[in-house]
Structure formats: structure tokens, C-alpha cells
Amino acid sequence: MSRAFLFPGQGSQTIGMGKVLSDGFPVARQVFEEVDDALGQRLSRIMWEGPESDLTLTENAQPAIMAASLAVFRVLQSEAGLDLARHARLVAGHSLGEYSALCAAGAFTLGDAARLLRIRGRSMQEAVPVGEGAMSALIGIEIEAAEQACEEVGKEGVVVVANDNAPGQIVISGKKSAVEKAGEIAKTKGAKRVIALTVSAPFHSPLLRKAADAMEEALYNVTMRPLSAPLIANVTAAETAEPETIRRLLVEQVTGRVRWRESVASFAALGVQTTVECSGNKVLSGMVKRIDKELQIVSLDSPADIEAFAKTL
1389 MSRAFLFPGQ GSQTIGMGKV LSDGFPVARQ VFEEVDDALG QRLSRIMWEG PESDLTLTEN
1449 AQPAIMAASL AVFRVLQSEA GLDLARHARL VAGHSLGEYS ALCAAGAFTL GDAARLLRIR
1509 GRSMQEAVPV GEGAMSALIG IEIEAAEQAC EEVGKEGVVV VANDNAPGQI VISGKKSAVE
1569 KAGEIAKTKG AKRVIALTVS APFHSPLLRK AADAMEEALY NVTMRPLSAP LIANVTAAET
1629 AEPETIRRLL VEQVTGRVRW RESVASFAAL GVQTTVECSG NKVLSGMVKR IDKELQIVSL
1689 DSPADIEAFA KTL
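Take the position in the sequence shown, starting the count at 1, then add 1388; the result is the number in the working numbering.
Since the hints were derived computationally from the structure, they do not count as laboratory data. Every value quoted in this text rests on a predicted model; they were computed, and no experiment measured them. Hints are not guaranteed to be accurate.
When the alpha-carbon atoms are kept at most 20 Å apart in a straight line, the in silico PhoX-like pairs for lysine-lysine are as follows [to be verified]:
id, residue 1, residue 2
1, K1569, K1543
2, K1564, K1598
3, K1564, K1543
4, K1670, K1407
5, K1569, K1580
6, K1575, K1564
7, K1670, K1681
Per label pair, the in silico range of CB-to-CB distance [as the list claims (entries may be wrong)]:
id, residue 1, residue 2, range
8, E1437, G1499, 18 to 24 Å
9, D1471, E1630, 18 to 24 Å
10, T1633, G1428, 29 to 35 Å
11, V1408, S1565, 42 to 48 Å
12, E1520, P1439, 22 to 28 Å
13, G1578, V1610, 41 to 47 Å
14, A1696, K1543, 53 to 59 Å
15, A1468, G1428, 29 to 35 Å
16, E1540, D1471, 46 to 52 Å
17, G1399, G1499, 22 to 28 Å
18, A1696, T1497, 28 to 34 Å
19, T1624, G1659, 15 to 21 Å
20, P1631, V1415, 24 to 30 Å
21, V1610, L1445, 20 to 26 Å
Glycine residues also receive a C-beta, built at the ideal position from the N, C-alpha and C atoms.
My request is simple: use the sequences and hints to build the entire structure.
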């Protein structure tokens, strides 16, 4: 019960993701087939063969990352008898990873999760004309200074803190010129580096209002079932298991901040001792290590990883 199962967000995709699991476990292969069927597309072929340019498209990357995470999770259920209600204190996901977490907890079917993420990815891409929005990572700056940098941009345009990932790792998002100006201001406030991110839209900013509207309609047309483990929501960094509340928070998440640092910082008080990252190339595990060094970290990508972890259940 002292475990938190974590599910990664965009940027963790790689060509070949999930292929070894699909080859080795029928239950994993079924995950990819279900996602392909739900989308009416051989997404698994893009995941395993590329081209990388197709995989990194937001509308493909989001369901692909979810599929890889759920393949790991389903193998744990099938081969190790994983039961979230018995083996987990909570679930959490980074941005799109919340949909993976909710699918793992039984709130969404796999097909519904894939279709929702396809809508989410496509609507995010289409919400702002290409070239008008931008995102930048601010390295070595704390959250208060990053917020001040955004506030000092003034009339240049919308720019906000989109991701509070870990101490010294902040992402800002908004109008391209405003993001660039905020980055320059951030350097005067302690940022060691400002890295422009290659993204298709200014995620988690008010500029994605149209995408939030699209997700509100999509989410209210999908059945949400009771969760087998509570969720720590991105936009509140607080625990919830109430389906209608989660539905509302998922809409808010499109334009709202991902409070990952605060979320992980809350784990210890909630009784979590170990975090288990389901796929994702240890991206979230690296953040966890920076946020709370007392938490034990497990990252599951390979059959060997899963076999070793299964012995601890």
C-alpha cells in the first residue's frame, strides 16, 4: 500500500517503445492491438518502426505513450498478480500520463483512453497556429522567480509557468515573443539555462482554451468508473477519487499548471515510500529523486525490470 504508480508524459516516446513486451507477453500485445483498433490506425507500427517525425506528432505521441505504460501495467497484472487496490496507495501521471493513470485505475477503458488522447493531442495541435506559441525550460531557477519573470513580461503577451517539474526545473508556455522575453528575464533571476522546447503548441497555457473546450465535450461523452486507487491530480497536487471532480480537473489541466513537484512532495505525508514508474525511460524517476531523496524509486521498462519488481509484491 505504500507505493505510488507513476505514468509519464510527452517527451518520453522513443522508436521501439513497447516492442519487447509485445513480443514476449500476449497481454502486452493485446494492449497495442486494442489501441490500434480504437484509433483505426496501426499506431503500433509507428511506435516500433517510425518514422520518428510521425511518432513525435502530438496526436500520435500521446496515445503511444499511454499504450506503452499500460502494456507494462497489464503485464504486471497478468504475470505478477498486481492489484492496485492492494498494492498501491495512489496513482499519478504527468500531463497526458493522468489518462494512463486513470486507465490503470479502471476509470477509463483502454479504448476510451486512446480515443480521448487522440482528441486531446489533435485539439492541442490545432488550438494555436504553428509558430505563434512556444515553450521553454528554465533550468536552475526556483518557482517563485519563474513566476515573477512571467509577470514582468507585461503587455508582450500571455506567458505562464506550465510545468513545475522539480526544484530548478520549470517550463514556461505562451505566446512565442512573451516566452522568449520571460526567458531573458529569468536569466537575471538565477536561471542557469533557458532551453527552447520543440513542441507543436504552448501546452498548459490559457492559449489552449479551444482544446480545453474540445476535451470538456469529449470527457462528458465517456463513462468514468470508480477508481481502484486515488489519483493525485496535476492541477491541484491533491488526492481525489471522485469521478466528476476528476472529469473537471482533466479539462482544467489542458490550460492549467502541472504541479508535479508539489504532487511528489505530498507523497510522504500520504504514506508513500516507493514510486513505480510504468515505462518512460526513467524521466519521472529522475524528477522524483530531485524532489524527495527519501522515496525509493523503481522504473519499469524491460521484462527484467518487471520480473525483479514482481518479486516485491
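Taking the hints in turn, this is what the structure says about them:
1. Of the supplied pair hints, the one linking K1569 and K1543 holds, its CA atoms being roughly 11 Å apart against a limit of 20 Å.
2. In summary, the hint linking K1564 to K1598 is supported, as the alpha carbons are separated by about 18 Å, within the 20 Å threshold.
3. Straight-line distance between C-alpha atoms of K1564 and K1543 comes to about 13 Å, which keeps the hinted pair within the 20 Å bound.
4. Restraint check for K1670 and K1407: the C-alpha separation of about 17 Å stays at or below 20 Å, so the hint holds.
5. At roughly 15 Å between alpha-carbon atoms, K1569 and K1580 fall within 20 Å of each other, so this suggested pair holds.
6. A distance of roughly 17 Å separates the Cα atoms of K1575 and K1564; the hinted pair therefore holds under the 20 Å criterion.
7. A C-alpha spacing of about 15 Å is found between K1670 and K1681, which places the hinted pair at or below 20 Å, so the restraint holds.
8. About 23 Å separates the C-beta atoms of E1437 and G1499, a value consistent with the hinted range of 18 to 24 Å.
9. At about 22 Å, the CB distance of D1471 to E1630 agrees with the hint of 18 to 24 Å.
10. Against the hinted window of 29 to 35 Å, the Cβ-Cβ separation of T1633 and G1428 comes to about 32 Å, which satisfies the hint.
11. At roughly 44 Å, the beta carbons of V1408 and S1565 sit within the given window of 42 to 48 Å.
12. For E1520 paired with P1439, a C-beta distance near 26 Å keeps the hint of 22 to 28 Å intact.
13. Evaluation of the 41 to 47 Å hint for G1578 and V1610 yields a pass: the beta carbon distance comes to about 43 Å.
14. Between A1696 and K1543 the beta carbon distance is about 55 Å. The supplied range of 53 to 59 Å therefore holds.
15. Between A1468 and G1428 the Cβ separation comes to about 32 Å, which falls inside the hinted range of 29 to 35 Å.
16. A hinted range of 46 to 52 Å for the beta carbons of E1540 and D1471 is consistent with their spacing of about 50 Å.
17. The hint said 22 to 28 Å for the Cβ distance between G1399 and G1499, and at roughly 24 Å that hint holds.
18. At about 30 Å, the CB distance of A1696 to T1497 agrees with the hint of 28 to 34 Å.
19. For T1624 and G1659, the Cβ-Cβ distance of about 19 Å falls inside the hinted range of 15 to 21 Å, so the restraint holds.
20. Here the CB-CB span from P1631 to V1415 is close to 26 Å, well matched to the stated 24 to 30 Å.
21. Separated by about 23 Å at the C-beta atoms, V1610 and L1445 satisfy the suggested range of 20 to 26 Å.
In the structure shown, no violation is registered for any of the earlier numbered hints.
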